[in-house]
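Q: Build out the structure end to end from the sequences listed, making use of the hints.
Protein chains: 2
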Amino acid sequence: MFVVKIGGSKGIDYDAFVRDLAQYRDYVLVHGGSSQLEEIATKLGKPPVFVTSVSGFTSRYTDRETLEIFNMVYAGKMNKMLVEKLQHAGVNAIGLSGLDGRILEGRQKEALKIIENGRKKILRGDLSGIIERVNTQLLKLLLDHGYTPVLTPPAISYEGVAINVDGDRCAAQIAVALKAERLVILSNVPGLLRDPQDPQSVIERVTRDQIEAFIETYARGSMKKKLLAAQEALDGGVKEVLLGGARGEAPLTKTLQGMGTRIC
Amino acid sequence: MFVVKIGGSKGIDYDAFVRDLAQYRDYVLVHGGSSQLEEIATKLGKPPVFVTSVSGFTSRYTDRETLEIFNMVYAGKMNKMLVEKLQHAGVNAIGLSGLDGRILEGRQKEALKIIENGRKKILRGDLSGIIERVNTQLLKLLLDHGYTPVLTPPAISYEGVAINVDGDRCAAQIAVALKAERLVILSNVPGLLRDPQDPQSVIERVTRDQIEAFIETYARGSMKKKLLAAQEALDGGVKEVLLGGARGEAPLTKTLQGMGTRIC
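Line by line, the protein sequences give chains A and B.
Count along the first sequence from 1, then add 17; that gives the number in this note's numbering.
Count along the second sequence from 1, then add 17; that gives the number in this note's numbering.
Watch out, some of these pointers could steer you wrong.
Note that identical chains are pooled: a pair holds if it fits in a single copy or bridges any two copies.
[To be verified] Only pairs whose alpha carbons sit at most 30 Å apart, straight line, appear in this in silico DSS-like list of lysine-lysine:
#1 K126 - K102
#2 K137 - K196
#3 K256 - K242
#4 K157 - K102
#5 K63 - K27
#6 K138 - K256
#7 K126 - K157
#8 K157 - K138
#9 K157 - K196
#10 K63 - K196
#11 K60 - K27
#12 K196 - K130
#13 K63 - K271
#14 K130 - K256
Since the hints were made in silico from the structure, they are not lab data.
Here the structure is a predicted model, which is why all the values come from computation and not from measurement.
A: In structure tokens, the structure reads:
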């Protein structure tokens with residue numbers, strides 16, 4: 018059993034990814050949708066707003082209108098695009114958001130401590146949070162009956178309100194809950210890079226103890242969240258986390274074979 | 018067991034509907050999203066195109082781009098809005114399109130015979146079709162485990178391609194497949210009207226034999242499809258079909274109590 022997360026940035030070849038993935042069995046797919054979200058939200062007159070927390074992580078500020086657009090892009094466009102491609106490739110995929118059957122349950126953040134123009138600020142009304150419980154009963158029910166779950170944020174709060182959650186950390190939580198052996202995170206970069214400008218500078222191996230230092234030194238932007246997700250997965254019992262690229266043919270197979278960054 | 022379809026036209030009060038629905042057990046919900054689709058597709062520069070078939074029924078012309086927007090609005094915005102409201106009301110809802118687990122499987126129309134400017138014309142490339150099979154195994158699996166399915170088009174063709182299908186007829190097919198006793202179709206009109214301009218002119222009772230004549234005489238626009246759906250449901254063994262309004266409080270309860278049009 019493994020969990021694979023496919024990102025939503027520009028340059029990812031979803032057809033090649035699905036062709037590759039369709040050869041595997043016994044996995045859960047988690048996906049992103051950030052570049053589509055940016056494009057569609059901007060067309061709808063509501064471009065995404067990003068904030069930087071005091072701890073240095075970047076996240077999306079999610080008000081109600083943003084959440085509705087988020088649902089459209091992630092649970093509508095991206096999720097059904099992947100389900101259709103998988104079904105076409107013979108995989109009996111079933112697409113679900115974290116709201117459905119309360120698959121991804123958690124806590125809404127009370128307030129976000131951010132840095133704006135160099136100053137600390139408290140931001141309220143953000144519909145985002147942290148996953149604390151994964152409904153493995155429903156996931157196992159589907160897996161046991163031959164369905165392949167294709168999951169996407171948002172999650173749902175204990176009060177029954179949709180909350181935006183980070184996709185990489187969401188995949189890590191699912192891997193932990195399902196006692197998966199492996200978590201594979203594919204994106205438009207080929208792994209953790211020593212030099213963000215040089216795709217040849219992939220760091221091949223990272224140990225658990227190096228993660229925190231590497232978040233500070235090498236990771237930029239969303240790579241920080243991927244390392245944090247890797248840390249959470251390893252601490253929860255997942256044996257290894259692989260970070261790989263998804264721009265060409267057979268991205269999953271190549272990453273499993275050792276291209277990219279291996280964290281264990 | 019009953020199937021309830023809630024429309025997507027302007028004026029429907031989804032909060033009142035969910036408050037009412039949350040009191041019931043053992044049902045499947047099917048929903049529409051037409052007014053939201055029109056609004057969002059227009060904002061995205063791709064307003065819906067409607068065509069009229071030679072037999073007088075109106076339907077949406079669905080090319081690939083329209084289908085993606087359809088997925089965004091129906092499977093993304095509307096489906097997750099209803100799932101969130103139901104979850105908030107304590108119902109363990111699970112939202113699915115017909116693609117997911119091949120719940121709604123069918124045949125893509127080869128070509129559409131339409132009337133344009135009074136002349137017959139053949140239209141190709143339309144990603145729409147007819148549902149021929151409902152995956153009751155998956156629906157029952159979910160119902161038996163305490164989940165309430167919330168379903169939306171599109172369906173999926175035997176070749177694994179998404180196809181747009183009519184929501185009312187989709188609800189009828191599900192009711193037949195699940196051997197439901199009752200199909201309730203709620204929309205922004207209070208039932209079949211003798212005079213489309215007069216909401217007081219609801220026809221209280223329609224028999225199976227009257228349906229065809231009433232499609233010709235009283236039904237306008239989407240009401241024609243609702244009567245066709247009613248006919249398909251009755252012919253498939255559903256005992257009665259109720260058409261009711263969803264603009265005020267307790268729309269389902271009022272319709273079950275006899276407001277609206279009863280077809281049996």
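Q: All the hints need checking, so say for each whether the structure fits it.
A: Structure-based check of each hint:
Only between protomers do K126 and K102 lie at most 30 Å apart by alpha-carbon distance; the minimum there is 20 Å, versus 35 Å within a single protomer. Taking the shortest alpha-carbon separations for K137 and K196, neither the intra-copy value of 38 Å nor the inter-copy value of 60 Å comes in at or below 30 Å. With identical chains, the CA atoms of K256 and K242 are at most 30 Å apart within one copy only, with a shortest distance of 19 Å there and 55 Å across copies. Proximity of K157 and K102 under a CA criterion of 30 Å is satisfied in both settings, with 23 Å inside one chain copy and 25 Å between copies.
With identical chains, the CA atoms of K63 and K27 are at most 30 Å apart both within one copy (20 Å) and between copies (23 Å). Within a single copy, K138 and K256 get their C-alpha atoms no closer than 38 Å, and across copies no closer than 61 Å, so neither meets the 30 Å cut-off. With identical chains, the CA atoms of K126 and K157 are at most 30 Å apart within one copy only, with a shortest distance of 29 Å there and 36 Å across copies. With identical chains, the CA atoms of K157 and K138 are never at most 30 Å apart, being 42 Å at best within one copy and 50 Å at best between copies.
For the identical chains of this complex, K157 and K196 are neighbours both inside a copy (12 Å) and across copies (28 Å), given an alpha-carbon limit of 30 Å. In this assembly of identical chains, K63 and K196 lie within 30 Å of each other by CA distance neither inside one copy nor across copies; the values are 39 Å within and 45 Å between. Taking the shortest alpha-carbon separations for K60 and K27, both the intra-copy value of 17 Å and the inter-copy value of 23 Å come in at or below 30 Å. Within a single copy, K196 and K130 get their C-alpha atoms no closer than 33 Å, and across copies no closer than 54 Å, so neither meets the 30 Å cut-off.
Taking the shortest alpha-carbon separations for K63 and K271, neither the intra-copy value of 38 Å nor the inter-copy value of 39 Å comes in at or below 30 Å. In the homo-oligomer, the alpha carbons of K130 and K256 never lie at most 30 Å apart, since the shortest distance is 33 Å inside one protomer and 58 Å across protomers.
The structure fails hints 2, 6, 8, 10, 12, 13 and 14 (numbered hints given earlier, in ascending order).
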